[in-house]
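A.B. asks: Here is what each chain is made of, one letter per residue.
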Amino acid sequence: MGIWPFGKKDKDEEKQAEAPAPEPAPAPEVEPEQEKSWLARLSDGLSKSTSKLTQGIVDVFTKSKLDAASLENLEEVLIMADLGPRTAAKIVATFGARKFDDNIAPQKVREALAEEIEKLLAPVAQPLTIKKPENGPFVILVTGVNGVGKTTTIGKLGKWIQAQNHKVMLAAADTFRAAAVEQIQIWGNRLGVPVVSKDVGADAAAVAFEAYERAKREGMDVLVIDTAGRLHNKSGLMDELGKIVRVLGKHDAAAPHATLLVLDATTGQNAFAQVEGFKEVANLTGLVVTKLDGSAKGGVVVGLADKFGLPIHAVGVGEGLADLQPFTARDFARSLVGL
Amino acid sequence: MFESLTEKLGQVFDKLRGNTKLSEEDVDLALREIRVALLEADVALPVAKEFMAKVKDVAVGADIIKSVSPTQQIVKIVHDGILAMLGDAAESALNIDVTPPAVVLMVGLQGSGKTTTTGKLAKLLTKGRKKVLMASLDTQRPAAQDQLRILGEQNSVATLPIIAGQNPIEITKRALEAAKLEAYDVLLLDTAGRLAIDDALMAEVASVRDIAKPVETLLVVDAMMGQDAVNVATEFVTRVGITGTVLTRIDGDTRGGAAMSMRFVTGKPIKFLGTGEKSDAIEAFKPDRVAGRILGMGDVVSLVEKAVETMDRDKAAEAAKKFQEGKFDLDDFRNQLAQMKQMGGVGSMMKMLPGLSRMSGKIDEAKLDETILKRQEAIMNSMTKRERGKPDLILNSGSRRRRIAEGSGTTVQDVNRLMKQFDQMQTMMKKMRKMGMGGMMSMAKGLLGGNAFDAMVADAAAQDPAAFEKMKDSLPQLGANPFASLGMGQQPKLPGGLPPEFFKGKK
Chain A
1 MGIWPFGKKD
11 KDEEKQAEAP
21 APEPAPAPEV
31 EPEQEKSWLA
41 RLSDGLSKST
51 SKLTQGIVDV
61 FTKSKLDAAS
71 LENLEEVLIM
81 ADLGPRTAAK
91 IVATFGARKF
101 DDNIAPQKVR
111 EALAEEIEKL
121 LAPVAQPLTI
131 KKPENGPFVI
141 LVTGVNGVGK
151 TTTIGKLGKW
161 IQAQNHKVML
171 AAADTFRAAA
181 VEQIQIWGNR
191 LGVPVVSKDV
201 GADAAAVAFE
211 AYERAKREGM
221 DVLVIDTAGR
231 LHNKSGLMDE
241 LGKIVRVLGK
251 HDAAAPHATL
261 LVLDATTGQN
271 AFAQVEGFKE
281 VANLTGLVVT
291 KLDGSAKGGV
301 VVGLADKFGL
311 PIHAVGVGEG
321 LADLQPFTAR
331 DFARSLVGL
Chain B
1 MFESLTEKLG
11 QVFDKLRGNT
21 KLSEEDVDLA
31 LREIRVALLE
41 ADVALPVAKE
51 FMAKVKDVAV
61 GADIIKSVSP
71 TQQIVKIVHD
81 GILAMLGDAA
91 ESALNIDVTP
101 PAVVLMVGLQ
111 GSGKTTTTGK
121 LAKLLTKGRK
131 KVLMASLDTQ
141 RPAAQDQLRI
151 LGEQNSVATL
161 PIIAGQNPIE
171 ITKRALEAAK
181 LEAYDVLLLD
191 TAGRLAIDDA
201 LMAEVASVRD
211 IAKPVETLLV
221 VDAMMGQDAV
231 NVATEFVTRV
241 GITGTVLTRI
251 DGDTRGGAAM
261 SMRFVTGKPI
271 KFLGTGEKSD
281 AIEAFKPDRV
291 AGRILGMGDV
301 VSLVEKAVET
311 MDRDKAAEAA
321 KKFQEGKFDL
331 DDFRNQLAQM
341 KQMGGVGSMM
351 KMLPGLSRMS
361 GKIDEAKLDE
371 TILKRQEAIM
381 NSMTKRERGK
391 PDLILNSGSR
401 RRRIAEGSGT
411 TVQDVNRLMK
421 QFDQMQTMMK
431 KMRKMGMGGM
441 MSMAKGLLGG
451 NAFDAMVADA
461 AAQDPAAFEK
471 MKDSLPQLGA
481 NPFASLGMGQ
491 QPKLPGGLPP
501 EFFKGKK
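Residue numbers (our numbering), protein chains in the order written: chain A, 1 to 339; chain B, 1 to 507.
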């Protein structure tokens, strides 16, 4: 394969040329989390995930006008934010039809682009609303592929629910992964809420079923059920999830009242397949996007919003109890383009 | 969502018949489609651009080979390019033949699968007769240390006793000491997940590296990762320094473009693939396997491997013998069904075939009724051993058929239908030697008995006859004798048994 000049030496040089400059690291945050307003925390969290994109856009518009080349650059910036080639092309096509002054300020262009993205996101920015049924708890089932941050999200979600003066109970229905029960137990202790669990290897649906009984008996307002991470293309594991949903329905036909899919912001276009897969088995009611405090942008949710229209309830921006923030279309879109 | 690259290139090149060289314009047209395919597979943009420039260099002016279409030629060029970029399978050996203990440091983002991979790697090395110690430096995530301890217990691998309150540096020192004193060959250090932009934690892992002096530092990456792969790779390379990567969750349905991004940006080999949740679901990296997926061309290798994994070898050998003698009874049919089910059902098998993979949407739409398989199995389970060996007994006795129907909760019609399908299948089995891929497919059709399958195949053939033909020929060894190639040792490498050079030291 001599025609392929991918040798090591070449590569190092290419890497120099090609690799984006390392991001200026944000000042480490030692934050008194409780004190800050949620708005401050939202912009903190989001700004961490957007500085690269911002720089890219500044480059695009300080260096050239809104011609074909600029639009192409803009499209690339969106692709790098994981919007995917189709969604990026679609947004840029709409955007390219708009007229701008020759010497338009980059700030104005960014605002306009943010508006385009905001339009796509606005319909899905809906907070999670908890409405306790008369007879029994409001059940939230938390699903997702492995390693997206389901358990961490549940810890933070528990805090959020408590803050609304609801009595909450957690259920450890991840009976597969080693130490998953211990992990949620620790979150339960931090929150001071009960955690229902059984032994490793127990039937996950049985945990959910019994947790409901106990939550009802103890007068809980909300029951949050953790599930094992599962790839959406594994039919056996997806059937297990289906069973959890079914047994909850025996207690209350409307349960689970909310079924959340947790999405990792570093995930690329496979997020589409994830939503499709989970939607089929468990009637998804909303999304939570995690790990937005890293360098990943989570741009795939723009395409998801367009295709599925599922509400995006919240974003995870850290591992602390207060690091779950409401998803707001305007702020998210503006932050995506660095405003 | 993902139309096949081959299909789209076919449309581009339809107009090109008769040319003898690929012109720059032709190639540009094709590159546009390739770009979308790569980006949809999550290959990072800078990497995709670089790659396309090289494809262009090779493709422009290339002589059109008469026997293949320009589409196939370009796809071949792209495929070879991806293979070249992904690197050599031989590089995947771990360099652990050093003065013990050989320290392997596992790093990566949160949730990439470090702890699970550490457990799998430990088990693999233990199988290779290494004495392995694992230690978790993850003091961040609740119960992470417990997780590694439990994995160790499950797989009989030693873990460093947990001392609450120790920081990662202290744990590292203690682990090194223990590894030396107790004469371990390999020490695996599992670290906390960290964001590439988290200064404090990146500095911490660098200190661990300075103390532990690992011979291997493996960056564990989720195969589903998107464009951020570039940032992550760059940061971990510059701040920690890595010797290789491990790509996890390759058993999902992701196209896995992150593999290309990682290999390109780090310049380091991909060493392992995580292929499932079980502790032995780890394999040495195979570039051909990943390349096909990135292009959406199906994963034949995986299909064959999965078949090898699931096939009971003795049963397969027996079936193969019977098959060659023309004696294929209901017992064999039942085993086949059971194995098919283990492989994830007909639908997931078909999705892995080249040419059919791009129709995965249609396969789902057709809603191949897997309950039919279940019912058929139930019917056969209600037969006596003797009846399964001598199907004529059933054919000749209405009362037997009634009994079987009652026993399996089906109707006599269902039993008759099964017997008819079995008869068709026997006929097909006899033909299969000559039929190649088609045989496999008829078998699937025979089992499903559905028109949906016919329609789908006709559709495939109509859309892209060339690719379809190629697909039919692409598994000659399977067609020639499915049992022999799957179960009788013609596949030299079986999962779990890695080649001996796998553990070889530095050259």
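Derived from the structure by calculation, the hints contain no laboratory data.
Quick reminder that beta carbons are idealized off the backbone N, C-alpha and C, glycines included.
Incorrect hints may appear among the rest.
Pairwise CB distance ranges (calculated) [stated by the list, open to error]:
hint, chain 1, residue 1, chain 2, residue 2, range
1, A, G320, B, G407, 43 to 51 Å
2, A, G242, B, A90, 39 to 47 Å
3, B, S23, A, L71, 49 to 57 Å
4, A, A122, B, A206, 38 to 46 Å
5, B, G407, A, N135, 55 to 63 Å
6, B, T371, A, F308, 50 to 58 Å
7, B, K131, A, A122, 39 to 47 Å
8, B, R32, A, E276, 38 to 46 Å
9, B, K131, A, L71, 58 to 66 Å
A.B. asks: Now tell me, hint by hint, if it's right for this structure.
C.D. replies: Tested hints:
Distance hint check: the CB atoms of A/G320 and B/G407 are about 60 Å apart, inconsistent with the given range 43 to 51 Å. For the pair A/G242 and B/A90, the beta carbons lie near 44 Å from each other, so the given range of 39 to 47 Å is met. At about 27 Å, the CB distance of B/S23 to A/L71 disagrees with the hint of 49 to 57 Å. For A/A122 and B/A206, the Cβ-Cβ distance of about 43 Å falls inside the hinted range of 38 to 46 Å, so the restraint holds.
Between B/G407 and A/N135, the C-beta spacing of about 43 Å breaks the proposed range 55 to 63 Å. Roughly 28 Å separates the CB atoms of B/T371 and A/F308, a value that falls outside the hinted 50 to 58 Å. Checking the proposed 39 to 47 Å range against B/K131 and A/A122 shows it is violated: the Cβ atoms sit about 59 Å from each other. Range check, B/R32 to A/E276: about 27 Å between beta-carbon atoms, so the 38 to 46 Å window is missed.
Restraint check, B/K131 to A/L71: a C-beta distance of roughly 60 Å satisfies the suggested window 58 to 66 Å.
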